[in-house]
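Novice: Here are the chains, one letter per residue:
Number of protein chains: 4
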Amino acid sequence: MMFSLQMKVRDYECDVQGVVNNARYLHYFEHARHEWLHEMGIDFASLAKDGLHLMLRRVEVDYRQPLRPGEVFTVHSRLLSGGRAKVIFEQWIERDGSLCVSSRSEAVVVRNGRPQAFGKHPELALLVGVAE
Amino acid sequence: MMFSLQMKVRDYECDVQGVVNNARYLHYFEHARHEWLHEMGIDFASLAKDGLHLMLRRVEVDYRQPLRPGEVFTVHSRLLSGGRAKVIFEQWIERDGSLCVSSRSEAVVVRNGRPQAFGKHPELALLVGVAE
Amino acid sequence: MMFSLQMKVRDYECDVQGVVNNARYLHYFEHARHEWLHEMGIDFASLAKDGLHLMLRRVEVDYRQPLRPGEVFTVHSRLLSGGRAKVIFEQWIERDGSLCVSSRSEAVVVRNGRPQAFGKHPELALLVGVAE
Amino acid sequence: MMFSLQMKVRDYECDVQGVVNNARYLHYFEHARHEWLHEMGIDFASLAKDGLHLMLRRVEVDYRQPLRPGEVFTVHSRLLSGGRAKVIFEQWIERDGSLCVSSRSEAVVVRNGRPQAFGKHPELALLVGVAE
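Protein chains in written order, with our numbering: chain A, -15 to 116; chain B, -15 to 116; chain C, -15 to 116; chain D, -15 to 116.
Be a bit skeptical, because a hint or two may be false.
[Stated by the list, open to error] Short derived list, chain D residues pointing at chain A, Cβ under 7 angstroms:
| no. | residue |
| --- | --- |
| 1 | F(-13) |
| 2 | C(-2) |
| 3 | V0 |
| 4 | G2 |
| 5 | N5 |
[Said to hold, decoys possible] Derived, one-sided and incomplete: chain A residues facing chain D with beta-carbon distance under 8 angstroms:
| no. | residue |
| --- | --- |
| 6 | Y(-4) |
| 7 | G2 |
| 8 | P53 |
| 9 | E55 |
Note that these hints are calculated values from the structure, not bench results. C-beta atoms are modelled at their ideal positions from N, C-alpha and C, and glycine is treated no differently.
Construct the entire structure; sequences and hints are all you get.
Specialist: Here it is as structure tokens:
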């Protein structure tokens, strides 16, 4: 299963080099993950209010081609199983059919600083089912 | 050789979870790298004006403990040799003696979209010398 | 004449208060202005490359109701005449028919630090025509 | 009474025009306000956890001279009385003795969406005392 989200570079996301700043891609990837989660009925902000925090443990990003002001691109997201208490997102950005940036990130759910098994939280169990 | 920069979390860098947003750490690491380069006499913004772009090819980040509003932390940076046309930065964030976030990033210098050997640019050759 | 752009709050745009950070609204307004300019054939990033900088001189923002994670909103923009070398944008954000944030900003075009009469630059003259 | 905070432009805060992006100044001003409040013993993030939200109602910014990458600047802040339930901050950014950006912002304290008289909250009453 894959989730695809179309986005567009906003000028303020670009830096003095005239391209999207490296850190911004993490925002793009985060937004795509949260939109996907939301579509599954999992709301990041609501979870946070309940003390359940979906947090990244690790992220890897490969920058191949920079995005520029005004460009339209698509963020593709896949979810891989990571065991009882971890999920792995594979995400990549495509512009006009060519791969620009790819990423792999590991996420856990934490309550009061302690990792939670997804199975214990009905609203999160879905994630494990979706993972390939 | 190591470069250490003390910084402080600003409230606007934190998100609804009450901790520094994941993407922000890339900003902290970038700023620490640029400050170090600047100390060596290499100015990121001036290079960009001359068409020389120091660009990340890959970044890995391990999030161990989140930073919170107002916390003071130190970004440590080391430079590893990466051959003729690449440098590798190892960076980590420490707060009160405990490791919070660590990162490894690969950077190249590009002119007109083509990677440049550092040796050809006197202002960059220094980087190779500093690398361990 | 009015330009309307629909947008959606991204989680990372919100701060520890759980609402969109005050500075972010300037990004929303900027993006809406640039999208409008782009539709008129004026490209902010290209102008910058040519040394023509569209710059804000002054901005006023009234915050009435905060936007929250995931909310869909519309940025409306109007352009008022400001004389030979200045334009005035009136912009406001509406969510579900209620006014959330409004803004008034004055912009000039500068080359080498000096204000430019819009009439002298064909690509900008259009702005004066659109202004009410 | 005045609070002054020295800061330095970070490269990622600048946009394709090579200067600090307009919205960033609101971050600088916010950070300076929060640092000042913190020095008075008022912690923005803690207040938010207690459901007390210090919120801007209005902000005005005059952009005179842009800040550029690496520049050191000082944010000066003054507090004007605004009555029982409002404070007014006057803030300005100075670089090498010349005025770059100035701002005036009105802030209120809100609990459950309702404005609070500062006098009712001992931790906030101080603000009124400091105001000129």
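Novice: So, for every hint listed, does it hold in this structure?
Specialist: Tested hints:
| no. | hint | verdict |
| --- | --- | --- |
| 1 | F(-13) | 28 angstroms, violated |
| 2 | C(-2) | 5 angstroms, holds |
| 3 | V0 | 5 angstroms, holds |
| 4 | G2 | 5 angstroms, holds |
| 5 | N5 | 5 angstroms, holds |
| 6 | Y(-4) | 5 angstroms, holds |
| 7 | G2 | 5 angstroms, holds |
| 8 | P53 | 7 angstroms, holds |
| 9 | E55 | 13 angstroms, violated |
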